[in-house]
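Visitor: Listed below are the residues making up each chain.
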Amino acid sequence: MASLSLSKINKTALAERRTHKKISMIMNIMLAVAALLLWLVGSNGLQILGIFLFCVGMGIGVIASVSVFRELTNSQLCDVKMSLPMSNLERYLSRLLTLCYIHVFPLMAYGIVGLGGMYFFDKLSDGAILGSTFVDLVTVYLVMLAMTLFIDGITVFCTTCCGALAESVYFSIIAMGCLSVAPGVMYYRIANAFGGMSNVPEFIKYWTFSAVLAAEDSMSDWEIIYHQLISILISCLLLAVAYLIFKRRDASSVGDPIAFKLFFELIMALGVFTVYSAFICTSEMKIGVILTTVIYLVINIIVIRAKISIKRVAVWLLKLAATSAAFMVIVFAGFMTDGFGIYNYMPIRSMNGNSIEIQCTLSGEDKSTYYSTYNGIGDGVNEELSDEQIREALRIVRKYGITDKTSDRFFGKVSGNDDWGSSYEYNCYVNVEIYKHVKKNAKEYGAYVSDHQILDQSIIVKSTDLDQMYDEIEAAGIEVNREVNNWTDYSDDYGEVVY
Amino acid sequence: MIEIQNVSMVFKQKGLAEGEGFKAVDDISITIPEGCIYGFLGSNGAGKSTLMRMLCGVYKTEQGSIRIDGREVYDDPAAKGDIFFVNDETVQFTAFTLDGLRKYYKSYYPTFSDETFDRLTKKLNLPTDKRLAEFSKGMKRQSIVIIGLSCMTKYIMLDEAFDGLDPAMRKVVKNMIVDEMIDRQATLIVSSHNVAEINELCDRAMLIHKGKLVFSGEIDEIQSGFRKIQLARAGLPVSREELEEQGLEIMQYSSLGSVIQAVVRGTEDDIMRKLSAIKTDITELIPLTLEEIFIYELEARGYGITELK
Chain A
715 MASLSLSKIN
725 KTALAERRTH
735 KKISMIMNIM
745 LAVAALLLWL
755 VGSNGLQILG
765 IFLFCVGMGI
775 GVIASVSVFR
785 ELTNSQLCDV
795 KMSLPMSNLE
805 RYLSRLLTLC
815 YIHVFPLMAY
825 GIVGLGGMYF
835 FDKLSDGAIL
845 GSTFVDLVTV
855 YLVMLAMTLF
865 IDGITVFCTT
875 CCGALAESVY
885 FSIIAMGCLS
895 VAPGVMYYRI
905 ANAFGGMSNV
915 PEFIKYWTFS
925 AVLAAEDSMS
935 DWEIIYHQLI
945 SILISCLLLA
955 VAYLIFKRRD
965 ASSVGDPIAF
975 KLFFELIMAL
985 GVFTVYSAFI
995 CTSEMKIGVI
1005 LTTVIYLVIN
1015 IIVIRAKISI
1025 KRVAVWLLKL
1035 AATSAAFMVI
1045 VFAGFMTDGF
1055 GIYNYMPIRS
1065 MNGNSIEIQC
1075 TLSGEDKSTY
1085 YSTYNGIGDG
1095 VNEELSDEQI
1105 REALRIVRKY
1115 GITDKTSDRF
1125 FGKVSGNDDW
1135 GSSYEYNCYV
1145 NVEIYKHVKK
1155 NAKEYGAYVS
1165 DHQILDQSII
1175 VKSTDLDQMY
1185 DEIEAAGIEV
1195 NREVNNWTDY
1205 SDDYGEVVY
Chain B
-6 MIEIQNVSMV
4 FKQKGLAEGE
14 GFKAVDDISI
24 TIPEGCIYGF
34 LGSNGAGKST
44 LMRMLCGVYK
54 TEQGSIRIDG
64 REVYDDPAAK
74 GDIFFVNDET
84 VQFTAFTLDG
94 LRKYYKSYYP
104 TFSDETFDRL
114 TKKLNLPTDK
124 RLAEFSKGMK
134 RQSIVIIGLS
144 CMTKYIMLDE
154 AFDGLDPAMR
164 KVVKNMIVDE
174 MIDRQATLIV
184 SSHNVAEINE
194 LCDRAMLIHK
204 GKLVFSGEID
214 EIQSGFRKIQ
224 LARAGLPVSR
234 EELEEQGLEI
244 MQYSSLGSVI
254 QAVVRGTEDD
264 IMRKLSAIKT
274 DITELIPLTL
284 EEIFIYELEA
294 RGYGITELK
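Protein sequence lines, in the order shown, are assigned to chains A and B. If you count the first sequence from 1, you need to add 714 to reach our numbering. Numbering follows our numbering, in which position 247 of the second sequence is assigned residue number 240; successive positions increment by one, without gaps.
Think of the hints as simulated: they come from the structure by calculation, not from any bench. Here a beta-carbon is modelled for each residue, glycine too, at the ideal position from N, C-alpha and C. Worth double-checking, as some hints may not be accurate.
Said to hold, decoys possible - With a straight-line Cα cutoff of 30 Å, these simulated BS3-like cross-link-like pairs (lysine-lysine) come out:
| hint | chain 1 | residue 1 | chain 2 | residue 2 |
| --- | --- | --- | --- | --- |
| 1 | A | Lys961 | B | Lys147 |
| 2 | B | Lys203 | A | Lys975 |
| 3 | B | Lys123 | A | Lys722 |
| 4 | B | Lys167 | A | Lys735 |
| 5 | B | Lys203 | A | Lys725 |
| 6 | B | Lys99 | B | Lys167 |
| 7 | B | Lys5 | B | Lys167 |
| 8 | B | Lys5 | A | Lys1025 |
| 9 | B | Lys272 | A | Lys735 |
| 10 | A | Lys736 | B | Lys96 |
| 11 | B | Lys99 | A | Lys961 |
| 12 | B | Lys5 | A | Lys722 |
| 13 | B | Lys99 | A | Lys736 |
| 14 | A | Lys725 | B | Lys115 |
| 15 | B | Lys99 | A | Lys722 |
| 16 | A | Lys735 | B | Lys123 |
| 17 | A | Lys736 | B | Lys130 |
Said to hold, decoys possible - Heads up, incomplete: computed chain B residues facing chain A, CB under 8 Å, no partners named:
| hint | residue |
| --- | --- |
| 18 | Phe4 |
| 19 | Cys29 |
| 20 | Gly50 |
| 21 | Tyr52 |
| 22 | Ala88 |
| 23 | Leu94 |
| 24 | Tyr97 |
I would like the entire structure built from these sequences, with the hints used as guidance.
Guide: Following this line, the structure appears as structure tokens:
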């Protein structure tokens, strides 16, 4: 029975594929060109065009997904397809398979052709865009697959929640953007402002488009592969959740812009959080509020499909106010808990070979890049530090850098004179980076940054404060390598930056 | 056999608008026996199409139950495998050729008969390699009906299926459907505004208005339950009250001089028995056509009253 059902799913998916010939043809032509362009090792421009075409191919997932699930937004097609002899599960799986046939499989097939060819030709001559070891290519391939499934997963999910074509498309795009941006940005803002830490959160590496950005973050190929596999699993999970909604949909919600009102409220809240996150803790927060209000009202006006009254607008504004309040509650909770305990987070348990590094960097004004000072604790030394020692070092740095920020001592501007007697100022901030050494010399770290711009401080730093801080750290039993403390002048005789 | 029991359907407000939904079908119970041709009659927006969509599992039955040969139809592929539904539009098929449609439906209906398809396309002289977008509205209709018949399902549901066909082609298509259905003892359910067509085609029918069932049954039986009476009495014409006092259910009443005309619900014997107490000079009972019954029933419910008068 099960095998009969699977063959039926495949048979009907192939039948549906024939109804999406145009998308199929566009995908095949575009990806064939893209794959051939990737072979042109040595022509970076053409290879970049090839990569761009692959990205467009991934983006077509929005159109392909909406098109395959068109019965959810078109009442005529819904009549036809829902009356066909299939259960909801069979129909859903059949649609997913159709989507694979017209979108996922071509991308994967041409991906193999393109990357395989690139690998082969790269062996003949140097100069590929990507460092084309086999693992590199597998990594790229998996990133492509993860992104494709993310685009398709989000679009399918949004389409199952919407009953109109327009909403399916623009809510998918909004959801993709917001889901990629909001968690990371919000984490970063709260962690940075209240936790004094600015490392890339672990979950972001598994998550959506941000996984690509995280891939840049000094991860090894194997780590990226691992993260992409998790990302793929998340997309599959999303498709499974989408089925739970799909099976509840009958024709009565087709044509309705929003089939599930909870989805609408969630996506609007996500949008509000994203915009607020981008602007929180900056002096431009009011721009964020205005922007959010305008976007919020416009989307409501589009979606309402009914007469707009003052009462309705008032209700929308109240909802926006409630969402804003919820956001502020989260931010306040972040403030009260030192960035949800991020400050106390120790990314070092069970690590083999710890080191702690404290940097004091001077920057700012037009002289910012000329000088920097660097002070290290245990820099380059694989010494075992206990959690207690690291906590103590962080406590001391925090005292100087964050808690004691009203002391007019540590952060802010430092004045000096150049050789010609001109005065100049530097801004100063401190990084504390805790490295966790992992395989193949890659480092995972938590970077605790105290940035005067974020803390909005303008106070004078004195070198004695740094010395005092190091004294305290040494008193905690951590060796400080003061010999690496130095000021480096990167300017030449004409005041130009030289590296 | 299709059993519809206490079925209701409420549509929620579209978009984000709040408020009460619209009750499209209200507590309808009918039974459609196998092998019959059943007509769904009703005014615009009465709920015919909604009920038909519920019958083929396009809408989920939230209240009541719809069983096809004992099986709930929604989400049951086996039950749906016995049904072919033709809705009132053809736009969704325009990208297909007739041959493409054949392949498409063959994937879904293992019972699809190529022989029937070939025979009927030849009979109606339809090109199988042209896109339906190039067909006239009538040709598109014919194409979908051919596909429906070729799927060899036990039940075929046609929603406004004869729209767009010229009278000659209507006859051809109707005959084609009837011949096919009779040959294999299948059940045909047709909805239409055209009462004469239902009268001619169907052996059973139901009338639905504002979601509620007005009547259902065999057409002959329905027709025998209504009579137009003409009564003439010199001097004082028979008043409506007089008729009602005798227990007659008046749907429509008009008078002209000493002659009155009324549409009354009831069998001929029953009406005659009740009229025997009223002394008249002339008493005449005239059977009603289904179309007249349709109009009077709806008029009695206030539908289109200004337009009809």
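Visitor: Of all the hints numbered above, which does this structure not satisfy? Sort the numbers upward.
Guide: 4, 5, 7, 9, 12, 19 and 23
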